[in-house]
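Protein chains in written order, with the working numbering: chain A, 1 to 260; chain B, 1 to 357.
Everything labelled a hint here was simulated from the structure, so no lab data went into it. Quick reminder that beta carbons are idealized off the backbone N, C-alpha and C, glycines included. One should not assume that every hint holds.
Said to hold, decoys possible - For each label pair, taking beta carbons as the anchor points, the in silico distance ranges come out as:
1. A:G85 to B:R77: 52 to 60 Å
2. B:A3 to A:A171: 42 to 50 Å
3. A:L91 to B:C270: 54 to 62 Å
4. A:F130 to B:R133: 58 to 66 Å
Claimed, not checked - For the chain A half of the interface with chain B, some residues (derived, Cβ under 8 Å), not all of them:
5. L5
6. L7
7. G8
8. A10
9. L23
10. E41
11. S44
12. L45
13. R161
14. E164
15. P169
16. A172
17. P180
18. A221
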Amino acid sequence: MTARLLLGLAAAGVLLFLLAPILAILPLSLSAGEILRLPPEGWSLRWYAALLSSERWLLAARNSLVVAGATTLLAGVLGTLAALGLHFGRLPGRGAILALLAAPVVTPSIVTAAALFLAYSAAGLAGTLFGLVLAHTVISVPFVVLAVLASLRGFDPALLRAAESLGAPPAAAFRRVVLPLIAPGVAAGAVFAFATSFDEFILTLFLAGPGQFTLPRQIYAAVRDVWDPTVCAAAVLLFLASMLLLLASEALRRRGGGIG
Amino acid sequence: MSAPVVHFRGVTKSYDGRSLAVAPLDLAVAEGEFLTLLGPSGSGKTTTLMMLAGFEAPSSGEILLEGRVVNRVPPHRRGLGVVFQNYALFPHMSVAENLSFPLEMRRIPRAERAERIARALATVRMEGFADRRPAQLSGGQQQRVALARALIFSPRLVLMDEPLGALDRQLREELQQEIKALHARLGVTILYVTHDQGEALALSDRIAVFRAGRIEQLGTPRELYDRPASAFVAGFLGENNLIPVEVLGAEGAFRRCRLPDGGTILVPGCRPPGPALLVLRPERILPGAEGPNRLSATVLGATFLGDQTRLSVALGPATLAVKLPHGAAGHGLARGERIALCFPPEAAALLPPEGGG
């Protein structure tokens, strides 16, 4: 009994240690004063108002959404196609291809960032949003591939044969039969890709142009320059957005599990 | 008989480039015929069907559909109905949408689609299920919908790959009758794959018995049952006694043979003197001592099966199965008792000895 109690206490302690800094941001963002302290001097939404009327923050949010949106589209299409090829194709070296596709996940971001920085400088992509989208796509594609492959595992290949035997050319068979059934996997992969791009920092720091601030980069800059509760407000919003994405992908994963 | 609907000409299939899953296959299916490919798993029957559907490419040879070589025609342009073992209904579509799919692929207008769907559902007695999802149907109902979907675009040829394999026995027999009735009514050509010999006998106009990638024998159910060409066919279709005998010589149209217990019998056939295999159906052996072929056997066991009693008897070193119809003499025998049995000469046949040519 004592052992269980001790274990519970230790677990609670670890959780508190992990969560406390994040939870502390919430009251700080609602502070009425300008000085960061706990408990705050009073409560207000003034920092949220400041955030939403700041040109810099809005531009950063817009950049983040544009880059994450384009990354989601690109990684979603490429990742889904790659997963289809890996699943249905009779490929030699399937495992090796999969490992290669997943390499960016295990490669330290800083290595990818440095390598892309050199390559982009040579190719003239450095400092462009398009280059940033490509970089984010590289690190997002593995999530899409793995999510779609997982949903394809529950797909009955006889359905594809049935569709073909009923007169559907390959494209129609994919659109009418395969895609609707693996849609939860594709959507989960897309959510992952969006989330990956949305809070990506290191690649952005290396590859974005001087004026191209995304939300993570703007937070970093704000923390270093001014460090007022606006940052806390931005952090809270970003945290909530991530939570929403996580819940969305979890819901999709559960739905996808029902296939087959 | 008109030109064959399907013609396999020297078709082979090899997956590894060395061993043949299908050995050179020559087979013609006539218009309106119900032909069954029967064999144990791995005998090449499903591979043959999949090559015809276009899901597998032959390694060599030609497949002709209505006189046209289709080796390079993709499945969606072959216009065949295919019924799969596990139904393969689209789970995200309703029954009506499943049936509509092949019609949409053929750009048939909406009004005509609705009419044909209603008719197809009536054909398989599934009216009122149009809006159900496949998951809301029983196995038998799902297979009915799959049948309707394979027939709704009026293909001239329908392929069925163990379509009743996943159903329980009673439902299987019920659907067998429906498939048979559909075949008779629609006049469609059906190529059917099964490993269930009872199903093959009940449904087919002709049966091709597959073994190790080859057709062992091709014929009507009655031919295969009564005149098997090999010990494999004799043993695969129904229950059979295969008894090693010694052909002694000719007596008119018959051969006199020595049984394992030393007794002799007369059997029609033309085997040369020497070892041979006697084929004798258990239900053709009768109690009593009539005619030239009399057996004096010892009862090893008896099983009451309702409409018949199945005896296992010893004839010298050999064991025979005997099926006595309900009410016939010879019931109530105990183990070790002697029993007099006989069979008419035409009930038996001679085959080459096992392992011989």
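Hints violated by the structure (listed by number, smallest first): 1, 2, 4, 5, 6, 7, 8, 9, 10, 11, 12, 18
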